[in-house]
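*Asks:* Letter by letter, the chains look like this.
Number of protein chains: 2
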Amino acid sequence: MLTPTEIDTFLVDGRLDSLKGLVEPCVVMDCEGMSADEWRSILSEHNPEILVAGWKTPSLPEDVLTEVAPALRYVCYLPGSIRKLVTRKMIEDGLLVSNWASSISRTVAECALLLALGCMRKASYWNEQMHNQGGWKDGTTQTQSLFERRIGIHGYGSVARALIPLLKPFTSKISAYSEGVPAEIYEQDGVALSDSLESLFSDNEVIFEIEALTPEREDIVDEAMLRRIPAGGTFINVARGALVNEDDLLKVAREGHIQVGLDVYKVEPLPADHGFRTCHNIMLLPHLGGPTTDRRKDAADQSLENLKRYKRGEPILSPVTQEIYDRST
Amino acid sequence: MLTPTEIDTFLVDGRLDSLKGLVEPCVVMDCEGMSADEWRSILSEHNPEILVAGWKTPSLPEDVLTEVAPALRYVCYLPGSIRKLVTRKMIEDGLLVSNWASSISRTVAECALLLALGCMRKASYWNEQMHNQGGWKDGTTQTQSLFERRIGIHGYGSVARALIPLLKPFTSKISAYSEGVPAEIYEQDGVALSDSLESLFSDNEVIFEIEALTPEREDIVDEAMLRRIPAGGTFINVARGALVNEDDLLKVAREGHIQVGLDVYKVEPLPADHGFRTCHNIMLLPHLGGPTTDRRKDAADQSLENLKRYKRGEPILSPVTQEIYDRST
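One line per chain: the protein sequences are X and S, in this order.
Quick note: the first sequence uses this note's numbering, first residue 1, plus one each step.
Quick note: the second sequence uses this note's numbering, first residue 1, plus one each step.
Worth flagging that the hints you see were computed from the coordinates, not collected in a lab.
Cβ coordinates follow ideal geometry from the N, Cα and C atoms, glycine included.
Do not take every clue at face value.
For the chain X half of the interface with chain S, some residues (derived, Cβ under 7 Å), not all of them [as the list claims (entries may be wrong)]:
1. E110
2. E128
3. W136
4. Q142
5. H274
6. R277
7. L288
8. L304
Which chain S residues stay away from chain X? Per the calculated CB distances, all over 10 Å, these [to be verified]:
9. R15
10. V27
11. E38
12. S199
Just chain X, same shape as in the assembly (with noise of 0.2 Å):
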């Protein structure tokens, strides 16, 4: 159940064809404006077993699993956020559900990583000076680099362990806090472990949020935590816009002592009228951390695994457990 798009984004270069001889009999069908009554009738006249879903994939009903369609045991979300598709009670009453999870990693580390070395060079500054302004450097120009500087990561799951790679070329100052990850986990990577939060942002010029929401986390990086980073330091999230503070951050940021790169916010999509659009030390990117276009096939085979796996009666990569859909946005 896919558009278009995503079969020529996702199942690129034969993965259709492989998919299709993994799930036998396979009905490929278009989900493109497809209405609540339509979506119902056609999981009932087939009933299946697994579904392969997308972005346009409709809601599941209720009753899926009781009522419309019996048989079905697993959803294979080839994307990442499946709250709309699926309720938590379906995966309590033992649907078995997987989505792109960590294989899209390395493209988010991708983008904190271009965040950073474009705040430092302010490079979306200029690049506007030089489009629009008539602009060029002169001799007060200021640019950083990220060479030698003292890195401070908040998270330590799959993103920040595919940034540490990216980073150790420019520095060998990573420290990273957070909380419940061993120790060993940080020295096996050669980053710092840092005391608290509070340290981390300190102790740092760079400073990544990549750490996942909870409840506890909302907000977590305030007014207060934001002052501690040295002046002329850098703060970049490609997290969740839920764990800064906004207004706290806005108007940190309009001081001009930080620069600060944005991928993610509280409200998506970005309200026209939100204060970060007028405040040019932010660099502003619409969400498009991971995957890129291109990378979608990362995320495609991860689901081919899966489905190869839940066929042999194995258990699948990354399942989305209770918890990890009580985390997920």
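Following the hints, put chain S in place on chain X, whose structure we already have.
*Replies:* The following block gives chain S in isolation, referenced to the frame of chain X:
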């Protein structure tokens, strides 16, 4: 003979004291706004053996070695382009000259990576859309990652070699082409050698122009060469504007099949009415590749090392030879 700004950015963290300790007696003078006559009389009065110079140091009089300051043996120039300060004849006559040489290469390589990542994500486009147009991505948004891409590098000097370790975490498919570089050098770095410049452009998706400018290489990247880049590819120039036929580049870029990132131009500052400024799939920076302000200290360290070597009677690192002078801009 430096400005306060040059001292405050190059000779930071005790480097000015180190310099004074190395060249005794040492007179530190501010050359900001100095006339040619003042400069001539200061040179004549002090008749220095060593001149440590910066961007604002006035040109040396043509008769500096014969008449004005016959004791002068070594010009230790902290920045890069020494053509304004020193004539070729002075080098022919035995004046020793050094500049920042390859101490800045890694920051230029960093700028090249930033331009590639920025072009592939359309980061500057999106930053501008987000700030000025209330923009947000939609279903048609296309982005690219550097992961697993085929990279082609034209040139194999210190910047190219500094770029390799920054690219390695993204891809192992790195090729290079530069006439006269022995094959074993590429092998050492794990880089494939292209047969020709033509095949470098045809066979790769992201092309970095980092070759040294010689008269034969002027306009070497022309329309035919640019059309060899596969559709969707990326062309980055952080070397010299004159390597590229800018009319051809503008023509090809306007067609929209490749992304382009530029830090250098035939005429700098880039003229206000240059066509590049209205072509929005060219990411533009105002020649700020290297060094960044915070890494000018690397150039100072290179100069301090050279002053030490000079004092010990040892050969200096990377002297500006007549050949290097001829190639420099």
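*Asks:* Now, for every hint given, state plainly whether the structure supports it.
*Replies:* Evaluation of the provided hints:
1. E110: The hint holds - X:E110 has a Cβ within 7 Å of chain S, the shortest such distance being about 6 Å.
2. E128: 6 Å, holds
3. W136: 4 Å, holds
4. Q142: Hint holds; X:Q142 Cβ to chain S Cβ min 5 Å, cut 7 Å.
5. H274: Hint on X:H274: violated, closest Cβ of chain S at ~9 Å, above 7 Å.
6. R277: With a minimum Cβ separation of about 6 Å from chain S (threshold 7 Å), the hint on X:R277 holds.
7. L288: 5 Å, holds
8. L304: 17 Å, violated
9. R15: 15 Å, holds
10. V27: S:V27 is indeed farther than 10 Å from all Cβ atoms of chain X, at 24 Å.
11. E38: 21 Å, holds
12. S199: The assertion about S:S199 holds, with a minimum of 23 Å to chain X.
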